[in-house]
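Work out the full structure: start from the sequences and follow the hints.
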Amino acid sequence: MLKNSFKEKININLLLYLGIIVVSVLILTFLDMNKREYIYAISIIERSLVFAVAALAMNMVTGFTGLFSLGQAGFMALGAYTTAILTIPVELRPNVYYMEGILPALENLSFPIPIAVILGGVVAAFFAFLIGIPILRLKSDYLAIATLGFSEIMRAVIASHMMDKITNGAYGLNNIPEFSSSIECFIYTSICIIAMILIINSSTGRDFKAIREDEIAARSVGINIFKTKELSFVVSSFFTGISGGLLAMYMSSINSSTFQITLTYDVLLIVVLGGIGSITGSIVGAFFVTAGKELLRFFDEPLTVAGVNVPLFKPGFRMVIFSILLMVVVLFFRKGLLGGKELSLNGFKKYSRKKEDKGIQVGGAS
Amino acid sequence: MENILKLTDMSIQFGGLRAIDSLNLEVDKGEIVAIIGPNGAGKTTAFNCITGIYTPTSGNIEYLGKSIIHKEPEEITKSGIARTFQNIRLFKNLTVFENVLIAVHLRYRDNIFTSALRINYKQELAMREEVKILLESQDLYKYKNDIASSLPYGIQRRLEIARALATKPTLLLLDEPAAGMNPQETEDLTKYIKSIRNKFGLTILLIEHHMDLVMDISERIYVIDFGKLIAKGSPDEIQNNPKVIEAYLGVKENA
Amino acid sequence: MSTFLQYVFTGISVGGCYALIAIGYTLVYGILRLINFAHGDIFMMAGYFMIFSFAVFPFPVAIIITLVATTALGILIEKFAYSPLRQAPRMSVMISAIGVSYLLQNLSTYLFSGLPQPYPAIPGLKQRVMLGDASVSLVTFITPIVTIIIVLLLLRLVNKTKIGMAMRAVSKDYEAASLMGIKLNTTISFTFAVGSLLAAVGSILYFTDRSSVYPFSGALPGLKCFVAAVFGGIGSIPGALLGGFFIGISETIIKAVGLSTFSDAFTFIILIIMLIVKPTGLFGEKSVDKV
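Same order as they appear, the protein sequences are chains A, B and C. The opening residue of the first sequence carries number 3 in this note's numbering; numbering runs sequentially from there. The opening residue of the second sequence carries number 3 in this note's numbering; numbering runs sequentially from there. The opening residue of the third sequence carries number 1082 in this note's numbering; numbering runs sequentially from there.
Rather than coming from a laboratory, the hints here were simulated on the basis of the structure. Among these hints, one or two may not hold up.
Here are the simulated DSSO-like pairs of lysine-lysine, each with C-alpha atoms no more than 27 Å apart in a straight line [unchecked claim]:
no.: 1; chain 1: A; residue 1: Lys-211; chain 2: B; residue 2: Lys-68
no.: 2; chain 1: A; residue 1: Lys-141; chain 2: C; residue 2: Lys-1160
no.: 3; chain 1: C; residue 1: Lys-1359; chain 2: A; residue 2: Lys-141
no.: 4; chain 1: B; residue 1: Lys-80; chain 2: A; residue 2: Lys-337
no.: 5; chain 1: B; residue 1: Lys-144; chain 2: A; residue 2: Lys-229
no.: 6; chain 1: B; residue 1: Lys-124; chain 2: B; residue 2: Lys-170
no.: 7; chain 1: A; residue 1: Lys-211; chain 2: B; residue 2: Lys-80
no.: 8; chain 1: A; residue 1: Lys-343; chain 2: B; residue 2: Lys-144
Just some of the chain A residues that point at chain C, by a computed CB distance under 8 Å [unchecked claim]:
no.: 9; residue: Phe-70
no.: 10; residue: Ile-137
no.: 11; residue: Ala-146
no.: 12; residue: Glu-154
no.: 13; residue: Ile-155
no.: 14; residue: Ala-161
no.: 15; residue: Ser-162
no.: 16; residue: Ile-263
no.: 17; residue: Tyr-267
no.: 18; residue: Val-274
no.: 19; residue: Lys-316
no.: 20; residue: Gly-318
no.: 21; residue: Phe-319
no.: 22; residue: Leu-333
no.: 23; residue: Arg-336
Where a beta carbon is used, it is the ideal one built from N, C-alpha and C, also for glycine.
And the structure:
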């Protein structure tokens, strides 16, 4: 009986996810076919998808494993630069590296986009592995500042003259191939998202949660907390790196100032608004924040009503709104705007099963 | 009798404080042994040494004839020593089922790829089946979907024991299992501890302040005061030991 | 030789400012176990307070207004953003701190625009003095002196006064202290007030040398000063002083050898090395987790 209910649970959620994917593909195909008309919407959707990957990756390490990591911008930078260097069309490279030239070894090194993006993730994961060894032994708040520091170090290294022939130093990289269609972006991001959901809901994901809940108890049931933390950190950074690569494709040109601490804060904003430790929250949050920032853009334009300037409307207003929203959520809705609920049909199922149980109990008593 | 756990001259020092001073202790297979002593005597510290949370400053700890003194807590659990904690350490925001399921993991081989891609789907089912059986046997199955922190105190204690049992231990360490329980609950717990000992073939070492429970349940008792062993013996011997009465029971009886 | 001297003085001067900010981190961390991510932005806001008050009032009044306003800001932030989260998990409080930092940065961008605003020249401070061949502004000398005087006063406050004793008690054991009748909220507010006041003093000295303020000018100095506090041993005032000078001087040296791009990264390399080698810092105390 248990076997059946477990299987059923999986099947029913699978159906739900498949449904969402089919609907999304249909919508995106429609948008792609009318690209001219919907270019703005497509751009918002692509950006949201990329940030959903970054946010979910951050949530994996922060919300599910309880490690407060603020290195997102650094890992995204690693992924973005790797992807960019490996995918900028070879014939355009002399133009991109017009100042110092390109390292001969990289001159003709080119990979298909999916492989380059994955390599971006691998590079980020590798760095995470290395720095994880010392810093994951630290207490959570030191971990936050150490990862933040790592992110800044990465940015400084990327922008430095020594890296000119690889990262083009302060000039940044451009001519990065863009997504050919929103479907392409959707395929990459949804694979990442599904992979992360599978990990979080696996036995490995349960070990992550055990560490979040109580490290000493986790050790007492035989979990190697250091290995597991390292695993979570590396896997999260892998997907963060991929999201960086996708961001590079979305933006088509990047430089070191793209990856400032603000980028980490942007991802954190999504995670917190969506709910720390909520998968659905991170995905919905990514759309909410990205679309919200765009829709609120008009607040940033000076507004004149009947010849009078409305005083509130000027550049920066929408970010103030988001900052206040963040504070409100942190202070009053600690589980995020969705209240920590996950999208699944189990909610309905649980409800109906409870009813059933009651029925059986009554039956048994009589 | 086969010796399961043996502490030889074990001492641990925190700064200037010698929390445990040359403790010698033995536990034989199948026994229920209690450690008693006033608050701050070093009982929990001894548990923390045995389970690898602290490393003793000197002396040795042998488990099944092998020294475990430099092993990490998780390795010690894997080798067959499980424990509960004085102030209950559950995975508070997870369900009862998940709490126990996590403790089953250590006996199954798994990695992130096989688990994420559900390649070892059968294994996951086996783990769940095992948890179900354990929860049912402990009368906890009805709480399986409840969040651990939402349970009544007594149930939380039992869940913590169930979680320890899920690691299939040989030796179970219980740190004040009856803390905060009324006489009736304590009596139930006494029966319960005996029953799991018989059912799972366990050896049990426990710390407890409820003297009724200790005297009823344990075959041998160690008394610690100020980090030093002051007496050991059967419940009868301990009850009549003047040193113990002076250090511990005397105070209790007058109160 | 003269350039070398100039660098030494600059280093000491920057270090003094860092020390003043680092003390704010150390005090707050000591008492709440919280990295006050907003501290750097309080420092930045102090810069704006000075700019606007200086435009209206004579400089001594402007300085007083800046000090008072910054102190008030620090207390307000604690009241609204941190005190409601006393029982919350540590991560929530940290996120709240980041939220405040985010808010202050965005708010100042909105109110004062993202462009750098010129910092007023406070009479006397900017004066150049010749030291051998080197020309150094007066503030370079004043900073370390002011810093050391303040630290001595602060140590006296913490070690000799009643409120100082309360601060030490709360940082040792939060719950026990409140059971002993120490007013927790007052003590915490006072700690934030002192930290913010020092940040305001630091900001006057720092921005006088920098000549302009923009919404993000607190972010990086803030992080560096936290590193300084960690380096010296978080919770220790002399540690923060030493850490501040160490970071300030070594940063200046790195710039002097022509590695400017790495001067910020260097701070974090120090942090990571320190956390690996001696996580408690130079003067920090070891804490044992109770199981």
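Checked hints:
1. A/Lys-211 <-> B/Lys-68: 32 Å, violated
2. A/Lys-141 <-> C/Lys-1160: 26 Å, holds
3. C/Lys-1359 <-> A/Lys-141: Distance of about 13 Å is within 27 Å: holds.
4. B/Lys-80 <-> A/Lys-337: 35 Å, violated
5. B/Lys-144 <-> A/Lys-229: 34 Å, violated
6. B/Lys-124 <-> B/Lys-170: Holds, because 20 Å separates the two Cα atoms, which is no more than 27 Å.
7. A/Lys-211 <-> B/Lys-80: The hint holds at about 20 Å.
8. A/Lys-343 <-> B/Lys-144: 23 Å, holds
9. Phe-70: 5 Å, holds
10. Ile-137: Because about 7 Å separates A/Ile-137 from the closest Cβ in chain C, which is inside the 8 Å limit, the hint holds.
11. Ala-146: 6 Å, holds
12. Glu-154: 6 Å, holds
13. Ile-155: A/Ile-155 check passes; min Cβ-Cβ to chain C is 4 Å, inside 8 Å.
14. Ala-161: 6 Å, holds
15. Ser-162: Cβ of A/Ser-162 sits 4 Å from chain C, so the hint holds.
16. Ile-263: With a minimum Cβ separation of about 7 Å from chain C (threshold 8 Å), the hint on A/Ile-263 holds.
17. Tyr-267: 6 Å, holds
18. Val-274: With a minimum Cβ separation of about 6 Å from chain C (threshold 8 Å), the hint on A/Val-274 holds.
19. Lys-316: 7 Å, holds
20. Gly-318: Interface hint status for A/Gly-318: holds (3 Å vs cutoff 8 Å).
21. Phe-319: For A/Phe-319, the interface hint holds, since the closest Cβ of chain C sits about 6 Å away, which is under 8 Å.
22. Leu-333: 6 Å, holds
23. Arg-336: 6 Å, holds
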